[in-house]
Amino acid sequence: MANIIKKLKRKHKRKKMQSQRAKLEQEQRAIQQMSPEEAYQNRLRRHKHDALRRTVMSIVAVAAIATVVLLYVERRSYHNYRILSASEQEDVVSTKYLEMSGKILRYSPDGASLVNSSMDTYWSVLYEMQNPVADVKDDRAVIADQDGTLLEMFDKNGETGSVTTSYNIVKAKISSSGMVAAILDGGDSTWINFYASDGSLIAENQTHISDPGYPLDVAVADNGNIMMVAYQYVDGSETTSYVAFYNFGDVGQSEDDRIVSGYTYEGTVVPQVMYLNGGKSLAVRDDGFTLYKGSQIPKEKETVKVDKEIVSTFYDDDIIGLVFKNGNKEKPYTMRVYSTDGNLKFEKDFNIPYTTIKVSDGNILLYNSSQVCVMNSRGVEKYSGTIDGTISDFIKIGWNRYLLVLDSGVDVIKLS
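Just so we're on the same page, the working numbering is the position in the sequence shown counted from 1, plus 371.
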């Protein structure tokens with residue numbers, strides 16, 4: 372039987388070779404009958420065809436190699452780290468750090484500066500604050516003296532504006548266009564002020580506990596026209612939240628208080644709101660989150676609820692993460708990460724005893740005073756281990772590079 376199969380294979384191979392030879396001979400005869408101009412055009416077509424085929428094959432090969440490399444990078448884990456540079460002279464007690472425009476915003480009660488990973492300074496600005504807090508969006512930053520009255524606005528080239536407010540600052544947020552929204556404590560009433568990037572006042576809005584409530588958080592759209600505010604008030608014996616969208620452009624001129632849309636959530640607390648890319652916005656709730664869409668009149672798009680107590684949240688322009696306890700002794704925490712369309716990307720149980728969790732340059736970072744864990748946006752654990760020194764902050768500043776703020780100074784490390 373095996374011999375018969377071999378004979379059939381040889382016969383098929385001979386027929387195939389004969390067919391190819393006959394086809395080649397037919398093409399050669401056709402070429403011989405062509406005029407010189409026709410023969411030239413035929414060779415040109417064959418050359419273009421062969422060149423196209425080689426190009427396609429090269430593209431396919433490069434794409435295949437790139438896919439393999441990406442999969443390797445995506446799934447690769449590291450077991451150690453090495454220090455690329457160290458700055459022991461840093462005042463880490465009062466200085467804080469945030470990634471800004473591919474560099475590092477360093478700020479303290481005495482001033483702010485933009486530096487690179489070697490702590491070389493691009494610009495530096497002096498001011499006096501008691502309790503500076505910062506918010507960064509792309510190339511823009513605002514530093515506010517919490518419980519004080521000073522606001523400082525910056526872009527990648529330095530200071531763009533400064534404001535001394537009439538009331539103490541509770542919170543301040545900035546958009547990628549440089550517009551700033553600030554919650555101010557006026558005693559019996561609260562003010563929400565809207566500023567241009569140079570510090571000039573665009574609008575101010577007085578709020579009361581009874582109507583529409585106490586503002587817990589504020590966010591500004593990238594287009595600079597929309598301000599999102601999360602209010603909280605008590606309706607009878609029930610806590611109720613109200614998320615309002617203010618439009619300071621032409622669309623909001625005819626609306627009362629410029630509120631173009633608003634949503635009430637009974638029995639729910641909304642402690643955080645933020646604007647995402649693509650005209651999307653997010654309200655983080657004590658029972659999940661709600662997404663909105665609309666560049667001028669935002670509308671509810673998707674609500675995701677969980678039936679367990681949320682202990683931590685983290686988010687950026689691409690992902691939204693929730694952490695809650697699950698009752699498992701070995702892995703007591705569950706992390707759920709969603710896309711900004713509300714679709715679940717992954718769910719992961721873990722036992723990392725973190726005190727801080729955040730998204731930094733696309734990575735999920737968990738850390739406490741002596742341990743760090745790095746995950747990518749798909750939940751793959753890239754590194755988990757202890758650090759020499761006491762950790763006060765941990766920030767991703769480039770591909771496989773991280774800023775490690777310790778009690779002894781600041782290190783730039785690379786996972787290995």
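I should point out that these hints are in silico values taken from the structure, not numbers from a laboratory.
Hints should not be assumed to be uniformly reliable.
Dumping the calculated DSS-like pairs for lysine-lysine here, alpha-carbon to alpha-carbon at most 30 angstroms [as the list claims (entries may be wrong)]:
#1 700 x 753
#2 700 x 672
#3 700 x 651
#4 670 x 767
Cβ-Cβ distance ranges computed for the label pairs, FRET-style [stated by the list, open to error]:
#5 465 x 626: 38 to 48 angstroms
#6 556 x 769: 36 to 46 angstroms
#7 674 x 560: 30 to 40 angstroms
#8 674 x 570: 32 to 42 angstroms
#9 582 x 772: 42 to 52 angstroms
Glycine is no exception: its CB is placed at the ideal position from the N, C-alpha and C atoms.
List of violated hint numbers, smallest to largest: 2, 3 and 4
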